[in-house]
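If you read the protein sequences in the order shown, they are chains A and B.
Mapped onto the working numbering, the consecutive letters of the first sequence carry residue numbers 68 to 393.
Mapped onto the working numbering, the consecutive letters of the second sequence carry residue numbers 136 to 459.
FYI, nobody ran anything at the bench for these hints, they're computed from the structure.
Bear in mind that the values here come from a model prediction, so they are computed numbers and not experimental data.
Possibly wrong hints are sitting among the right ones.
Unchecked claim - Across the chosen pairs, the derived CB separations fall in these ranges:
{"#": "1", "chain 1": "B", "residue 1": "D230", "chain 2": "A", "residue 2": "R168", "range": "26 to 32 Å"}
{"#": "2", "chain 1": "A", "residue 1": "L124", "chain 2": "B", "residue 2": "Y283", "range": "32 to 38 Å"}
{"#": "3", "chain 1": "A", "residue 1": "R168", "chain 2": "B", "residue 2": "T414", "range": "36 to 42 Å"}
{"#": "4", "chain 1": "B", "residue 1": "T148", "chain 2": "A", "residue 2": "E177", "range": "55 to 61 Å"}
{"#": "5", "chain 1": "B", "residue 1": "T414", "chain 2": "A", "residue 2": "D135", "range": "52 to 58 Å"}
{"#": "6", "chain 1": "A", "residue 1": "E393", "chain 2": "B", "residue 2": "D388", "range": "29 to 35 Å"}
{"#": "7", "chain 1": "A", "residue 1": "H350", "chain 2": "B", "residue 2": "G204", "range": "28 to 34 Å"}
{"#": "8", "chain 1": "A", "residue 1": "V213", "chain 2": "B", "residue 2": "S196", "range": "25 to 31 Å"}
{"#": "9", "chain 1": "A", "residue 1": "H350", "chain 2": "B", "residue 2": "I151", "range": "50 to 56 Å"}
To be verified - If you want a taste of the chain A side facing chain B, the calculated C-beta under 8 Å gives, among others:
{"#": "10", "residue": "G136"}
{"#": "11", "residue": "L137"}
{"#": "12", "residue": "P319"}
{"#": "13", "residue": "L325"}
Glycine residues also receive a C-beta, built at the ideal position from the N, C-alpha and C atoms.
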Amino acid sequence: MIDRPPLLVAERLSKEYRTGRPALSEVSLTVARGAVLGIVGESGSGKSTLARCVSLLERPDSGRVLLDGLELTALGPRQLRRERRRIQVVFQDPYASLNPRLTVGSALAEVLRVHRLAPPAGITARVAELLALVGLPSSAASRRPVEFSGGQRQRICIARALAAKPDLLIADEPLSSLDVSIQAQILNLLLDLRDELSLAMVFVSHDLHVVRRVAPTIAVMFGGRIVEALPPEVALEDARHPYTRALLDALPSLRAKLPDPGQADLGAALPLEGCPFRDRCPHAHAPCATIDPPLLPVQGQHAVACHYVNDAAHGSNTAQPVAQAE
Amino acid sequence: MRESEGLRVDRLTVGIAGREIVRDVSFVVGASEAYGLVGESGSGKSMTCRAILGLLPPGSSTSGQILLGQTSLLELSPRRLRRLRGSAVGMVFQDPMAALNPVLRVGPAISQVIRSHADVTRTEARAGAIGAMKRVGIRDAERRARNYPHQFSGGMRQRIVIAMALAARPRLLLADEPTTALDVIVQAGILRLLDSLRRDEAMSLLLVSHDLSIIAGMCERVGVMYAGELVEEGPTSEVLSRPRHPYTKALIDSHPEDGSSRRLRSIAGSPPEPGRLPTGCVFSSRCELVTDKCRAAPIEFLHVDVDHHARCIRSELLVPAAEA
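Kindly generate the complete structure, drawing on both the sequences and the hints.
Below, the structure is given as structure tokens:
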């Protein structure tokens, strides 16, 4: 029997908008069937651009996206439209993501009809099934989005994504617009779906703690690059990249410590050459100004893109690993 | 008496269009103390702030009392309230862009605040503005004073807003979700800044947030709001380690912090809407400890420990067995 390829392979994805540093440069990752990859970063880190390029909502300038061995980036618009069903996205703002004029039932039914995923006679039953899956009563089908709270709307968005029977769900900050007590509900729902449907997921967030709850493997992004890949066995406290460390120190905590902003000169644009983090890094030295550090393994699957860390770990190594969720 | 210089909110109730948005809220922010108000959207925390600032929407009604030092804020004329805002009470809100005039350079914007609250010359006000920018950690303040708001990053803009709020040396700074729109590291910088300014200027701070962990590191005392009521109130360390209201406990339990991959404990359901409050305890529809008595009549704000109050008749059940 031949090994099936990983569900999602993204190779050296780059995307440049008009100004400054590329939004995304040479980012690679893989997600196995039923696995969850977490992506963490601040605004401008490239995490949403990565999510949009992986789901082909936006074409990367270069690089390849392969889903189940099929190269999506090589497809024309018509073929891509056919395959698009297999990657679904849930966005941050459920208010902006639902058509206010459609009832929830017709929004879900539309997905089923377009992709021919249920016979006309079976649509109502399938809609009820989808609503039950996300914890909503079947009576929700006849109501419009305006009648639901933020958390319920996010459930509707998730149900609509699931209606397409995706192989991969991309959740881009799905909790950020929700209240704290509701965030936990939606987070747990995503975990249930991962387990029940063995759904593969890419979970994008600015909050390391939240991401660790969902995703054993985490890719930390900064300046359009993955700067650290944290496999499940490495605890957050053992992260090595100076940016990841800064992020951990800056997270507010219930343990009543004042968060530490480090020595950030915030507001300064990222340097165009060398390491994107060097202006804010306590360990920056000569090579950081000229050479953008490659993502290199420090131990097993744990990889860091930092001259300071990598020089200490080994002399020279040119292999470029990827963030792997297995 | 220490409290006489701080802020005292006493049995405050705010009604808008016949609905009580804030009910029977009482707390004290001592002089140069930091007090945190935590709650979800619709909990009434922002309306409480607006009542303090005299910025309630037209047609709203209030009862109870708000005292800043000896001044009763609810009895002030609109004119005197306007003088008070910016001078005795500084304000910082979530969106710095909304608080800044986009066509006014930031230096003159801060000078304007200084001149409207103090009798100083243009030159003195200008020097004061640059001093204020330096105090909030803006480097090269002389040059940056000539920049427009859009030439600053989100975090730097919030620093400008804080500089404006502090320009007239207020006794109380009211910060409503001041870091919600900011990245984690930028947020940490703003929180540090607020903390050190509050200590250096001996100013009271009322910090409002939906995030308990932000309050945890910043405030000596915390009040937890739910559905328009203050449901728990006490020293932050006590409330966090020994919460005495089931909602507070649930908020702590649903925080993702401990780094494990376990499922979060979530609170089922959603908060009641202002027009459809339950007869008894406002949290009764979501509470695991609920009894018939909880549903029968509104719950009083009960004394549970030293300086620690909770609106729960079953709060002793939350005390760890070893201590009870």
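Verification of the supplied hints:
no., hint, in the structure
1, B:D230 - A:R168: 26 to 32 Å, "29 Å, holds"
2, A:L124 - B:Y283: 32 to 38 Å, "34 Å, holds"
3, A:R168 - B:T414: 36 to 42 Å, "37 Å, holds"
4, B:T148 - A:E177: 55 to 61 Å, "47 Å, violated"
5, B:T414 - A:D135: 52 to 58 Å, "56 Å, holds"
6, A:E393 - B:D388: 29 to 35 Å, "30 Å, holds"
7, A:H350 - B:G204: 28 to 34 Å, "49 Å, violated"
8, A:V213 - B:S196: 25 to 31 Å, "28 Å, holds"
9, A:H350 - B:I151: 50 to 56 Å, "54 Å, holds"
10, G136, "30 Å, violated"
11, L137, "31 Å, violated"
12, P319, "4 Å, holds"
13, L325, "4 Å, holds"
Taken one by one, the earlier hints fail for this structure at numbers 4, 7, 10 and 11, listed in ascending order.
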